[in-house]
Each structure stands twice: as structure tokens, then as C-alpha cells.
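Fit chain E to the known structure of chain U by using the hints.
Residue numbers (the working numbering), protein chains in the order written: chain U, 1 to 1009; chain E, 1 to 490.
Watch out, some of these pointers could steer you wrong.
If you want the ones that stay clear, here's a sample from chain U, every Cβ over 10 Å from chain E, calculated [to be verified]: (1) 8; (2) 320; (3) 501; (4) 613; (5) 742; (6) 827; (7) 865; (8) 867; (9) 941.
Where chain E lies over chain U, by a calculated footprint (3+ residues, C-beta under 8 Å) [to be verified]: (10) 330-337; (11) 470-480.
Calculated directly from the structure, the hints in this document are not laboratory data.
We put the CB at the ideal spot given by N, CA and C, even for glycine.
The residues making up each chain are set out below.
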Amino acid sequence: MESNKKYWKGLEEFNKTSEFVESNKNEFAEPLPIEDVLNEAGLSTVTPRRDFLKALGFGLGAVTLAACQPAPVHKAVPYLIKPEEVIPGIPNYYVSSFNGQPVLVKTREGRPIKIEPNPGAGVFNQGTDAQAQASVLDLYDVSKLKAPVLKNEETTWEKLDAFVAAELAKANASGKKIRIVSSSVNSPSTKAVVADFTAAYPATKHVQYDAVSYTGIIKANENSFGKAVIPKYNFDKADLIVSFGADFLGTWISGEEHTAQYVSNRNSKSLAKGKMSRHFQFETGMSMTGTNADTRIPLKLSEQGPALLALYNALAEKAVLAGAALPNNATADKALKLVAKELLQQKGKALVVCGSNDVSTQILVNAINSIIGSYGTTIDLDNPLKRYAGNDAEFAELLNEMSRGEVAAVFFLGTNPAYDALNAKAFTDGLSKVPLKVSFSDRRDETAELCDAIAINLNYLESWGDANSYEGNYSIVQPTINPVFNARQAEQSLLIWSKAPVTDYYQYVRGNWEKNILPVLGKSWNDLLQTGTFSAAAKPAGAYTFNLSLDAVATSIANSSKALAKDIELHVYESTGMRDGRYANNAFLQELPDPVSKVTWDNYVAIAPKFAEKLELKEFDVVEVKGSNGYTITLPVLIQPGQAQGTVSIALGYGRTKAGKAGDNVGKNAFPFLSFSNGTLQYATTVTISKTGATYELAQTQTHHSFEGRNIIREATFTEFVKNPSAGNAKHGHKSYDLWDKWETPGNNWVMAIDLNACTGCGSCVVACNVENNIPVVGRDEVRRRREMHWLRIDRYYSFQEGDKSVSEEKEIAHMENLDHVTVVHQPMLCQHCDHAPCETVCPVLATVHSSDGLNHMAYNRCVGTRYCANNCPYKVRRFNWFNYWNDSRFDNYLNNEFTQLVLNPDVTTRSRGVMEKCSMCIQRIQDGKLTAKMQKRPLKDGDIKMACQQACSAGAIIFGDSNDPESEVSKALRSERVYYVLEEINTQPGIGYMTKIRNTDSLPTVQA
Amino acid sequence: MSGHNESILREPLITGQNITYAKITDDILTPVENKPNRAWWIGFIASLCGATLWVVAVSYTFWFGIGAWGLNKTVGWAWDITGFVWWVGIGHAGTLISAVLLLFRQNWRNSINRSAEAMTIFAVICAATYVVSHMGRPWLAYWVLPLPNQFGSLWVNFNSPLVWDMFAISTYFSVSLLFWYTGLLPDIATIRDRATGLRRKIYTIFSFGWNGNVKTWQRFETVSLVLAGISTPLVLSVHTIVSMDFATSVIPGWHTTIFPPYFVAGAIFSGFAMVLTLLLIARKVLGLENYITMFHIESMNKIIILTGSIVGVAYLTEFFIAWYSGSEYETYAFVNRSTGPYWWAYWMMMTCNVISPQLLWFKKIRLSITATWILSIVVNIGMWFERFVIIVTSLHRDYLPSSWAMFYPTWVDVSVFVGSIGVFFTLFLLFLRVLPSIAIAEVKMILKSSSEQEKLKQIKSGHLDKAQVKEYIESLEKFDSVKQEEYAKI
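Chain U on its own, in the form it takes in the complex:
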């Protein structure tokens, strides 16, 4: 109801006096003396004391207000014209491929921020490797060039094209050779481009060369079976795996696929069926694969050949090859006899692999595999792998051609010989004689530095392309972002220079697929863009028999073995994180601890403890390693149990000098130790070692290596397990009393199960977690100070075998005579989301609290940083932001610039200095899963939500889910008799169950000499 009441402010208004009516017209009741103040006289009046005080007061107040820190202004520019498919806050996913692995690229508002496995990829890919996970960071790498470079100056593409075209015309006219040097190319479209280029310039030859080479296998198969291929290995079909120095779960050929296959025979599902494969590893350095072996025997490089010969002799009925003696390694000798016996028993279900790149050695391995019936079962020569096609001899020939001045133009695509060629000096000398040198590198790397033109290539996330990983298997690479810098795809450059009719590479790839590939598969281009990968039906794998004479092979092996058996044998190997060095500027990978040594940001000389004692070396002593070819580097010593006596190992991939901010001068380059003999690169040499007197502390994330006999690690042998599935998993029967009420979890109760028998320790999950959760990279010095920020780490423990006793306590280990027989266990460790979390009770400000779905939450904005929670965490999984890692020039190798900050996941808060953080169980993914289900008006399904670590794990070692749902995968997994909870006796009631480690070692109690 409208009121008729009228209020008046004073009698003047009530009476409506004329003065009131007059004054009411004005805004101010009294006229303001503005004119008076502003006239000459007003301005020159002396300020009275009161006015002065007023002005002072106002001034002070104004300054105070102005000084109050305003919230920083972050400009968010809305879309003027919104792209059809981009909804802010909703990610888009695109299929693509990384190194031939089919992946799914997650983009947010047009930025690729995460790589996930392509769920449509089938058996090839359950997860991704650490390199794929880390690859998004490379897109946002500030060390890349922003425009093409001509004669060391930034230029435009027109000028560069004109220059290259003119030079190519000259080269063509001169009739000299043109060479395209690349690492192995398995892209059908790239191959077609190279063919077109060759057609335009007939003097062109495509030289494929891999720094870590598999030429030995290819040549051996050509020799043995007439097929110059790398076969497809089926570790899933092998019940007995014998590996001689092949790190097949890590770096060897195709680690991720091998992992998935290998684990399928050893994980909880397989164990539940009472089945577990058996794995022997004979190797020099301790590889990640070696740490997973049931029985691992240290073997010198010089003994590898004789060992294979001995194995052949034991297997073959008639032929007895010479040079098979292992006079100094009784253990290996004994083990080989046992292995031979078991291989014969397991004919058709066994596999022998060897990491050597020596043709003769690989021929011998082929002969062994032929005897045990591997061809057609565990080795498939008819659906070969296409990822590696490098030919060491062709590259060696290129060096000769260049030094003879026969080459007029050379193009470097995805390769960096100035860094990784075994004779970099010969390479650079030869290169200086080439008139036209073009690099397709995205940065001024070691090779690009020497080139006339750098036609900067796109990152794979900006590119079109394709891959043919296996016979009949094709996948697509599609761009997920417009080119960030003024870069152009290498293939397009080649097309332009060869004056091809189609120079747009998208059209080219599409045309190539529609003409050559899609009709075979019976699919359309749109199908391809949706699924990303297709396989034609696999050809039947034929059984092949080896029936050549091995005498020459045996002699060659024996000779090279003899040549190695002097001084100290050096084993150079591909590093799990850095690989061949191409990822050197990726800070995520630099900070990813080595799966075995847990060293970050450096390579080192790995020496067995007893051998180091003999050489009077201590850990972190800097030694000078002098190769037989005269190449010398200084590196710190790392004591590595399990390293073969008389040998040392050094990782490749380090010592880049022109990689970028993060990767420059990290470690030392070991490529020059390589040698070239019998037509292939050899990754072994002999060295002498001398102490320099200096010490250098390596940045390790773990410095204590034994688990001190604590029941945090529970293990059993397979035989024990078959008898009693809960073997090794003794339960504490005592009654526990609670001070606190039980948490109610009315909806979901998120828990996790981790299978220690599936985890290989590769660390892909660690990088996935870093990328997903914006975890800072802190750099070498901070890791040395034990301040790495990883929410998820993989604890690696050594224990030693003495007789049939396992020794895991530091004090006893110190007294052991023989430290060769080390067994290893990897334990992923992350926030256990305890129901009775010790961190929660001690936080003074309630920054860490329990949720109603079983999680331990961390409210960063609440945290004042007392660090009490971290102290009181028995698992030590909490991480403190010691500094502002994103805005501190001392941490310049990661997020300290706005461009790289584009890699951040916008769903995850970045943390400021002084705040505690830890695994949130990817709370953003849980929330997203819940919301999606709600929008679709359906209950949440098991498997809707996947953790970043779980997704990345090729081994499927991590299962996440709702324990309130008895049918969920995780509930089923947690009902296993193998499940135990770490430190359950202190009644923290963790939410993460671990499954006992089972080793299939039982029938070998006496092999340890």
C-alpha cells in the first residue's frame, strides 16, 4: 500500500518559506567559495593553521589509502567473437600422436595444457611415457627461436626461401650431393615430402640416423631372415623373459608398449589367476628393467658376448661355439645353465632380448630365439616396428662425403649431430665444407648454430603430421594451437623449396591419407580426426627358423669381447628421462629423478660399491674418465649397487651446450665415448679413471636406500604366494582405540590401490602429476637441499641377498662382502588421505581438513605455513613452498616468464610462497567428474574419474575409485589378500592400499655365489 505520509526535514520545508524554495534549487545549501579560493587573492592567502592541519590530515589519509596494496589487476580479455567450439572453463580434447604414441591433447581456451593417452589406441597404449607428459612444456619454451634465422640474423620466410632456393639451384647445377639428415622418420607424409623433394632435386638422399641406434637389430634380421626390420616383441606372450642388457621397460625400442605387455603377465589380475612370468636380467649397469627383474645378474660388457655364446651352447644340441667361457663370473655361469634349462622347458613361451647394437650379437640372439621357438609367438617379424630405421653406416658415409667436399646442401631434421655424433669434430669439419646448411631445429642448438639457415620448425602440438609405428598401424598428428612464433613446419619448407604443387601441409597430409592410407583402412578423414589412430588387421606372425652358420659371428663376438676386457669397461646408456638429449631443455624431465639412482639434473659415473672401494673412490668424488679414444670428461661418482664389478656406466643425453635455459651445461656429454665398428655404433668402450680431488654433490631425491627391514615394504616369492596369497603380508591383530570420531562418508569415499608388482618405477606418473597440478620445478640446488616439490614420488629401496636371506638394514649391509645381488622395489608414495590424518589435528588454522568423501583437503589460502603438518606426516608427502618459484629470478628454468606460465592448468590454484601443498587426489578431476554426471542427470560411474597419475601409468599400477561402491575396480582390488596399508599400525587409516611385491625367484635360491 502506498503511504500518504509525508516527511519533512525542518519547519522551513514544512512551511515552504521562499528562502527554502530558493536554496533547495541548489545542490549545496550554501554557495561554495570556489571563485574566492581560485582567484588570485585566494591562491596567495597564507594557509591558516587549521587548514594546514586539515590538509595534512587529508593528505595523510589519502596517501594511506593509496598505499593500501590494491589487488593486482589481471586483464581478462573476453572473446570478441567467440570461437564456436571454445567454452571458457570447458576443455577440448584433440587426438594426436607424440613420437608415434597416440595421445589425447587437452586444451583450455585454445592452449594445450596436458597430454593424455588416447583411449581409442587399443593395446598399444594404456598410458604415456614421461616424455609425452612433459612435452607440453616444450611448446611454451622461451628458449626457442621466434623467427627464422639466416646467417645468424633473424629474417623473414621470404628472404630465407629465396636464399635456400638460390643455393639449391646452385647445388643442383653443380651436380653435387644434397642430403637430408634426420632421425628415423616413420611419418608416411614426411616420407612422401622427402620423396617429392628428391624428385625435384635428384641428387638428394635421405640419411636416417639415430643417436641411440637400433641398426644392429635391423641388420641382424636382414642377415638372418632377409627382413631389415625391428620386429614387434610380444612380452605378454612370454612366460620367461631373458634380457641381456636391454632396458625394454624403459628406453629400449618401445618401453611403454613393452611395459603394458610385461605387466599384464605379472599384475594383480594375472596373479589372481595364479600366473606370473619370470624375468632374468643380465646386465652391466642397473637399468630400470633390471630393477624389475626376478633375478638380476651383473654382467660385464665384455662378458655379454661369451654369456650369449654359452647360452647358445647350452641350448643348441650340436653346435658348440668357441669363446663361451665366463671364467670370472661363476654366478652368471650358473644362472645361464639354469636359464637354458628353463628356456627349453618354456619353448614357444619364452623370449630372449639383447640391448646390444652389435650385428653379430643380435644374430646370435636371433639364433637363440629361433631355438626356443620365439618367432611367430613372442617375436613377430611380419608386423614390424617402424619407429626406428636409422642406419649408422649411412651416417658414417655422410661424414666421408662431407669431408671430401661432395655435398652441396645438407638439411637437418630432428637431429643434432654436432652434439650426438660420435666424432663431432669430423662432423663440424665436414660441415664447414658444405655450401648450404639448413637446420629445421626450433632453437639455436649445437647443429643449428653451424648452419646458414634455421628454418624453425613447429612443435608437434602446432603441426600436422602422421605416424606409422607398426606395420598397418597409423596415427595422426593434428595441431591444437596456432603457431605461437613465426615458425613453419619443416615439411612445408621442403615442399616450398621443391616447388611442389601443394605447399599447404594440411592439404598435403590429408591428400596423402585420402589417397594412400584411408582407402586401405576403409575409414574417412573425419573418422581419423576423431579416433586419431587406426590399425589394419595384423598379418599372421610367421615362424622363422635360423639356419645360418654362426662361426664367423662367434669369432667376431669373441674378438670384440676380448678388445673390451681391459682397463675399466664403460657402459654408455640412454637416460630414462633425457633419452638421447633432445628433451634436455624440459625442466620437468630434468627434475624427474632417475628411476634407479634418484638423481636429477646431472649424469654421473655409476660404480659398484666394492669396485669403488677398490679404486678408493667415494660417492660424489669427481673423477676424470678418459676413453680409449682419448675423449675425457669429469663427472661425479655415484655408488650404484648392482653395477657389474670392473665397469662404470654413464648416461647419454646430458652435456648439451645449446639446449636452452634449463638444459645448458647439465651434466657431461657421453656420446663421444661411442665407437663405430662392424658397421654399427657401439655403446661400450674402455676407460681409465682418475680422481681429481674435487667433490660434487649430486641432487638426489632419495639419499637413504634401504628400507631398514620395516614392514612398509611387504614382499613374497611367487611360490609362497601360490601357497598362500597373503604371504608376506602379516596383519597386525591388535585392537586399536580412537581418540576421534569416525568420519562419515555418505556419498563417495575416494581411495586408491597401488600394485607394487605392476609399478616399474618409470616416473611417468610423476611428470603427469606435475603437469596436471602446476607443481613447480625447483632446480638442482633446491633438490640438493631436499626441497623438490613432487606430490607423487617413487620410493626406491634396495635390499641385498645373502644366501637365501634378504638384508635390508643399513648396518648389516655395511658389513656385507658381496653387494652385487641387489633386489629393488619401487613404491609410489603420495598423500595417503588418511582417515585419521596426523596433519589435520595439528594445523592451527584448519588449513587441512577432512572432506565428506574421504579426502584430506588442503586449503592453500588458509595456510600460514607453520609446517607442523609436514613434520607430523609419517609419509612425508607434504611439500612446502619455500620460495615464490614462479616469480624469483633464481628459478629461471621453469615458470619465471609469462609465456611459460601458459602451460598452467587453470583448474588448479597456483601456490604462493609460504604455503603447504600436497596430493589433492586431483580434486579438480573429481569435481569435474561429479559435475559432468550431474549435468547428464546420471549417477557417477566407476571409471568416470581418473587421476592424472593413473592415466599416465602404462602398467595400470594405480587404481582409483569409490570404496563405497563394492563393485568398483578399486573396491575389488582392495579386497585382495595382497593388500596392505603402509604404517597401518600407527592407525592413520590410510586411503591408499598397496599390494605386496611378488618375485618369481623361488627356484633359484642358490644362484647367488
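Here is chain E on its own, set in the frame of chain U:
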């Protein structure tokens, strides 16, 4: 208290002849009313340098972050909380002397309570600086207070020992300050009455209108007693609660029920040591030998030996329980303490806290000023190491061996600690300049009953038991401030 004669068997609490009320005032106010001497300036400049170092180190920490310290993912507290507990512990003697000894009518406290209380206040200030500076985001330190939500912070977690700690320390500080200041009132009034000009004005304000009439004195006595009653439980509660920071956790070596009594004993132990460290020098430099006598020194030494032995028993009990519990983590924690990489810290603690104080069983050592002073320093070093051992050696190797780590201090860690000592001494030396270091009024109270001259008068009056007099005279031999010739005649 001055109404009756004290037994001749008791040692005098004030020595010297011709001590009058005026002389006491003059003696005690000498440093306050005169220009500082050279010794003071040297000490003050050195302390100020320390305090500056503290400002630099703490500013550096605030600017760059806690990463400036040597802490890591495993050892989240080290020198910071070690320093905190050390300072809080040192503060304890003041409260014990002012409150507990007052309730027990231990008149010898009257000469030392003022300095001890001042020391308490300054030590707690030093401790409080650690509470704030060890935080990752110190600008939000007020969030640990249960303030209304409108203030910006949210509610606190009353389950957290750090919240208890905050209450314990703030209560302790406010009660100690109140007690100290109340005791100061008559003395400030004395200074006021003797001062002129600006000084008089300032002291007038701070004397709160003390007029010295009987009613004022009566209220003063009552308030002192009430505050003593409030403070007494604090002597036990503060360090009990500090110990709960550790005892309520799950970390082996921390999770121990013996901590509360053991911490309290340790605190008193270190507190008395610090009182001795300070007063032995102040006594000499300020010429207060007549008021702080050998009797005081010996009494404090006796308390040190008692509390030191309690601490020793606690160490051994911890070890026994670690073995007896059968818990492998607990056992390891203690074996690691004594034989692990920080063995030197453990044995440093054992030597300084348990073995060397046993020397005080010897009367000669108890009465030697030099030995006492050295031992007091040794005890303080030992008590610092005790906290370091408890905090760092428990944390650095707890449950999962994968996370075992070492702690190495940085220059900032060291500077913050050394600097805090500088802050402490700066405050203490300023205190000596502006306030009486001995409670004038309280010393005057016992002049007529417990002073040497009074007792001498009694002896001379002649009707005392000869044997008792002999014993009394013998007991005077230990006093360096008693002129023996007087007694030779008797």
C-alpha cells in the same frame, strides 16, 4: 616480615655493614641515575650489532621466504623451533623465582627476582619473534588467534597444540609483564622522587601515582600475592604446552608422555643457568655483591643440580621406554640419536646437561664464581642442543627411510639465532639503565631481619646459642662480600 628475629642459623641475605635504606637505594640506583660506564657501552654496542644482525636475517627471510633457512621436506623445523623452545625455557626461571618462591616465602628471591623477571620478559619476546618468523606467511600470523570471522581470519583449530601454544605464550607473557611491572611500581616511584626535570615527568607517568601510603603498600602486597597465585600454574603449564607441540604428534622421539615434566624441569634448569650467567656479571659490574651474595649463587646452583638430574633421569627413561615399548620406529629414533649422523649433538647435550652439572655436588665448584659462570653457559649450550636433538634428530629420520634427510643450517639460520641473543642483551642492558635491577623495596623489607649487620648486632647482644653462632660464622666463610675480620674478634 620484619617484626621478628630470624634464626641465626640462616645465612644472611644482605651482606656488608652500615647498610641503610638510603644506601640500598643509592647502591641499586647507581646505574640508573648515572652515565653508563665503559663496560656497559661495550656490551651494548656488541648487543646492538647482534640485534642488527637479527633484523637483517629476519628481513632477508621475510623478503625471500623461509627457503632462506636450511629446512627441507623432511625437517620442517630446526633452528627456529629450537630457538623458540630454548628462549621460552629460559624465561621459566623468572616466573619460578617471582611466583613460586614468593609463595614459599623464600626471601632470598628478593634480590634476584627483578632481573630474573626482566629476563623472562625479554626471553619470551625473543621466543615470540620465532613464532612469527618461522611461519611461511608471517603477515597472516594473527590467523592463529580465534578472532571473529569479520576480521578476515577464520576460526582456529582447538585441537592443534600450536593454538594451545599461542594461548600459553600470550598468557605467560601478559601475566609475567603484569607481575614484573607491579613489582616495579614502588621502585619507579623511588626513582621519580629522586629525579628532576624530564626524567621526573617520565617516571611520574610510569609510577602510576604511587604515593607510598599504607593502603598502597597493602594493596601492593595483595596484588603481588594474587599474581603469584596466577603465575604459579603457568610455571608448569607453559612448558607443558610447549612440550605438547611434540608429545601429541606421531613422530617417534616426539610422541612421548614424559615430555611435560621433563620439559618443565629442563626449562627451570636452563632458566636458572641464564639468571646466573647474567647476574654474575651484573653483580660485579654494578657492584651489587652485597645484595646478590654467594648464598644466592649457591642456592641457584642447587636448583640447577636438582633440575639437571631430573632432566638426566628423563633422558634415561626415554631410552628405556624406547627399548621397552618394542616399537621399532621408537627404538630406531633413539639409537639414531645417540649413534646416527647427529650423534655429536646428542652427546653434546648429554655432557652439558647431565654430566657437567654433576660437578656442582662439589661445594668448591658451587662456590666458585668462575666455575659457576662457565657451567651456566655450558648448561645453556646443552639445553639448546637438547631442543635441537629432540626436533632435528627425530624429524630427519622418521618412518619412511626414503625421506630421510639431513639438516644443514644456512647463514640466515645462524644469524637469526645469534641475532636473537643480541636482541635479548640489548633489551636487558637497556633495562639495567632505566630500571632498578634489584627490587629496592623488597630488599629493604628484609634488611632488618636477614642482613648480615642485623645478625651481627644480635650476636653482639650476646644471648644466642654459642654453637649456633659458631656455625653461622663458619657459614660466612663462603661469602666473598663478607669482611671476615669482624668475626675474628668474636
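Structure-based check of each hint:
With 10 Å as the threshold on Cβ separation, the claim that residue 8(U) sits away from chain E holds: the shortest Cβ distance comes to roughly 37 Å. No Cβ of chain E comes within 10 Å of the Cβ of residue 320(U); the nearest lies about 48 Å off, and the non-interface call holds. Here residue 501(U) stays apart from chain E, with its beta-carbon at least about 60 Å from theirs, past the 10 Å limit. At the 10 Å boundary, the C-beta of residue 613(U) stays outside the reach of chain E, the nearest C-beta of that chain being 21 Å off.
In this structure residue 742(U) is separated from chain E by more than 10 Å, as the shortest Cβ-Cβ distance comes to about 16 Å. With a least beta-carbon separation of about 8 Å from chain E, residue 827(U) fails to lie farther than 10 Å from that chain, contradicting its non-interface assignment. Its beta-carbon lying about 2 Å from the closest one in chain E, residue 865(U) breaks the requirement of being farther than 10 Å from that chain. Look at residue 867(U): its CB is around 4 Å from the nearest CB on chain E, not clear of 10 Å, so calling it non-interface is violated.
Against the 10 Å criterion, residue 941(U) stays outside the reach of chain E, whose nearest CB is about 35 Å from its own CB. A count of 0 residues in the stretch 330-337 of chain U with a Cβ less than 8 Å from any Cβ of chain E is obtained; the coverage claim is therefore unmet, three being the minimum. Here the stretch 470-480 of chain U counts 0 residues with a CB under 8 Å from a CB of chain E, which misses the bar of 3, and the coverage is violated.
Of the numbered hints stated above, those contradicted by the structure are hints 6, 7, 8, 10 and 11, listed in ascending order.
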